[in-house]
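Listed here are the chains, written in short residue letters.
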Amino acid sequence: MTKKKLLGGFVYGTTAFFAFIIIAAVVIVMTNIVAGGWSSLTKDFLLGSPEEGMTKGGIFPAIVGTFLLVMIMSIAGVPIGTMTAIYLSEYASQKSIFARLIRFAVNTLAGVPAIVFGLFGLGFFIQFIGTRVDGVLYNNGELHWGQPNILWASLTMALLTLPVVIVSVEEAIKTVPRELREASLALGATKWQTIRKVVIPNSITGILTGAILAVSRGAGEVAPILFTGAAYFLPHLPSGLSDQFMELGYHIYIMATQSPDVEATRGIQYATTLVLLILTFTLNFSAIFLRYKLRKRIIT
Amino acid sequence: MEIPKTITNTMMKKRFRLSEFLAEKLITATAFISFAFIVLIFVFVFRETLPIFSAPEPAVSLEELGEQETYGDIVLSDAERAAEEKEKTKVAAEEGVTVENLAGDRWQPISGKPKYGLLPLIVGSLKISLISIFFAAPIAILAALFTAAFAPRWAKETLKPAIEILAGFPSVVIGFFALVVLATFVQDIFGLEYRLNAFVGGLALSLAVIPIIYTISEDAISAIPKSLTEASLALGATKWQTALKVILPAATPGIFAAILLGVGRAFGETMIVLMATGNAALLSANPFEPVRTMSATIGAEMAEVVFGETHYNVLFLIGSILFLFTFTLNAIAEIFIRQRLMKKFRGS
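Protein sequence lines, in the order shown, are assigned to chains A and B. Sequential numbering of the first sequence, starting at 834, is according to the working numbering. Sequential numbering of the second sequence, starting at 53, is according to the working numbering.
Read the hints as simulated data drawn from the structure, not as lab findings. Among the hints, a few may not be true.
Unchecked claim - Below 25 Å or equal to it, Euclidean Cα-Cα: the simulated DSS-like pairs (lysine-lysine) are:
| id | chain 1 | residue 1 | chain 2 | residue 2 |
| --- | --- | --- | --- | --- |
| 1 | A | K837 | B | K297 |
| 2 | B | K208 | B | K77 |
| 3 | A | K1007 | B | K212 |
| 4 | A | K1126 | A | K1030 |
| 5 | B | K208 | A | K838 |
| 6 | A | K836 | B | K212 |
| 7 | B | K278 | B | K212 |
| 8 | A | K838 | B | K297 |
| 9 | A | K928 | A | K837 |
| 10 | B | K208 | B | K165 |
| 11 | B | K278 | B | K291 |
| 12 | A | K1007 | A | K1129 |
| 13 | B | K297 | A | K1126 |
| 14 | B | K291 | A | K1126 |
| 15 | B | K291 | A | K836 |
| 16 | B | K278 | A | K837 |
| 17 | B | K212 | A | K1129 |
| 18 | B | K291 | B | K212 |
| 19 | B | K77 | A | K928 |
| 20 | A | K876 | A | K889 |
| 21 | B | K208 | A | K1129 |
| 22 | B | K297 | B | K278 |
| 23 | B | K291 | A | K837 |
| 24 | B | K278 | A | K838 |
| 25 | B | K77 | A | K838 |
| 26 | A | K1030 | A | K1007 |
| 27 | B | K77 | A | K1030 |
| 28 | A | K1007 | B | K297 |
| 29 | B | K297 | A | K1129 |
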């Protein structure tokens, strides 16, 4: 009996210890970044441009770039993701091959490494579509769309975040009670009217959650934009869709690895990391909060 | 939606509504986009690797690159293009990317005689994945077991958000932490020669892999029917005996799938390894030496490479390998999660 108890204590202790490691890791990383970046996080830093070869100044262009990136990404990705989710939950019969094909595609899309999306963006959007658009519009060998820019980077990112939107919208649509749909149909509404007036308004929280999660993911990923549009340094903000842009994550990567004097800019690196962390955090927590509200609806 | 047939028949068959028809078609077409893009990813990532295999591959000279970059083939007819291609092939037939070159043990793409040996990169990726799984798998699986079998409420409610936060960390943030803090820490402990090495990269990568393994293992564990664990407890087994001898074996397929997905994530992750591994393409088994992975190679070199050059094509080849590898892993994992688990519990 005592041996049994000892063993039990050992198993309990070991598993608890490993669980503790995870919490400790999260706390350590967060504390380190907050401690390292807090003092440099001033108004001038947030609203200023990089100065003196990026060794001083702020990160305003990177914040704007990130904002534009996720905006264009959402405009492209959220409607497509929402409609796909509507198709999967409202129109598709679960056994149809077409629906299964799409489900398979969504799962696969979710598993493709971020860097491969970058390659695809380069090979498809820039090299295939972009150069052809240039050939038609300019026809003089000049590159406008056939080079990395914010549009192609955003579309690449939209593709990467598409599964996030689909999964979370579908989850939300599932929580709309069947009785609501049936009531609507019984009143003589058509299927599309029911979707438009009953299903979508009732799953708006889920659509919002999906969009927020996608934005959070998009703001945090750097690999897909490494060669589809992010720029090392730009003296001006992007003025059109065919411009390159600065981005927070890319800025961190560049400052921490490629800058001539890495040690001197530690403060900037930490503060930029902190800004990115706060951004993704706020987004994730609002998504968790919305989802929590959504779940409560199922129970009540 | 199950509406009685009679109702739907009388209601919906009566007249054809254009808006209904258009809405359904539009939504179905949009849903098809995801599938279309999967196909396009396949096609376009592989397409850019093709020049390598149209052997003997030309080692393109600089003058030709200038032409190629403008993509003159838009105006050229197919016949002209073919002729041009043939000529290029003739020009530099002897300096090609051969299978031998690709199988070599040196990655020196920018040198007089470029060497595109993929071996150090593949070994590098495997090494990093192995190290990260070595740390992540036990931590994540045992933590999941703890949550499911032992944890008091407060512990569960601390661990769950911690996992969500960890999953929400952008990889560049983890990479930065590894580069600045973890690397120094590890170097001081082991007294290492290189600050950035495979061990640091793998350790950092495990932070990104833990949430995946944890979440899926936890799913697998909570999918086990209560009757199984209750039967075990009713027979007089203790909590930990139930955990080790009933829960863990029953959840094995799911846990296996979790590890596979974790490997897939580790293998494809770019920013963390790009920042924390030192990026030297060394072929060695020593975990404390710098290493260059496939993903990091693409990330670091693609921006500087000339479109259409052999180097460019080889980088796409690396991307294709990455894609195929993760695709296969995900497919296997899916089979494990779906079929095995279903069969085991829903009684076949």
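Going down the list of hints, with the structure as the test:
{"no.": "1", "hint": "A:K837 - B:K297", "in the structure": "14 Å, holds"}
{"no.": "2", "hint": "B:K208 - B:K77", "in the structure": "46 Å, violated"}
{"no.": "3", "hint": "A:K1007 - B:K212", "in the structure": "24 Å, holds"}
{"no.": "4", "hint": "A:K1126 - A:K1030", "in the structure": "21 Å, holds"}
{"no.": "5", "hint": "B:K208 - A:K838", "in the structure": "23 Å, holds"}
{"no.": "6", "hint": "A:K836 - B:K212", "in the structure": "32 Å, violated"}
{"no.": "7", "hint": "B:K278 - B:K212", "in the structure": "21 Å, holds"}
{"no.": "8", "hint": "A:K838 - B:K297", "in the structure": "16 Å, holds"}
{"no.": "9", "hint": "A:K928 - A:K837", "in the structure": "50 Å, violated"}
{"no.": "10", "hint": "B:K208 - B:K165", "in the structure": "58 Å, violated"}
{"no.": "11", "hint": "B:K278 - B:K291", "in the structure": "13 Å, holds"}
{"no.": "12", "hint": "A:K1007 - A:K1129", "in the structure": "14 Å, holds"}
{"no.": "13", "hint": "B:K297 - A:K1126", "in the structure": "37 Å, violated"}
{"no.": "14", "hint": "B:K291 - A:K1126", "in the structure": "33 Å, violated"}
{"no.": "15", "hint": "B:K291 - A:K836", "in the structure": "15 Å, holds"}
{"no.": "16", "hint": "B:K278 - A:K837", "in the structure": "24 Å, holds"}
{"no.": "17", "hint": "B:K212 - A:K1129", "in the structure": "18 Å, holds"}
{"no.": "18", "hint": "B:K291 - B:K212", "in the structure": "21 Å, holds"}
{"no.": "19", "hint": "B:K77 - A:K928", "in the structure": "19 Å, holds"}
{"no.": "20", "hint": "A:K876 - A:K889", "in the structure": "14 Å, holds"}
{"no.": "21", "hint": "B:K208 - A:K1129", "in the structure": "19 Å, holds"}
{"no.": "22", "hint": "B:K297 - B:K278", "in the structure": "15 Å, holds"}
{"no.": "23", "hint": "B:K291 - A:K837", "in the structure": "11 Å, holds"}
{"no.": "24", "hint": "B:K278 - A:K838", "in the structure": "24 Å, holds"}
{"no.": "25", "hint": "B:K77 - A:K838", "in the structure": "64 Å, violated"}
{"no.": "26", "hint": "A:K1030 - A:K1007", "in the structure": "16 Å, holds"}
{"no.": "27", "hint": "B:K77 - A:K1030", "in the structure": "19 Å, holds"}
{"no.": "28", "hint": "A:K1007 - B:K297", "in the structure": "36 Å, violated"}
{"no.": "29", "hint": "B:K297 - A:K1129", "in the structure": "35 Å, violated"}
The structure is inconsistent with the numbered hints 2, 6, 9, 10, 13, 14, 25, 28, 29, although it conforms to all the rest.
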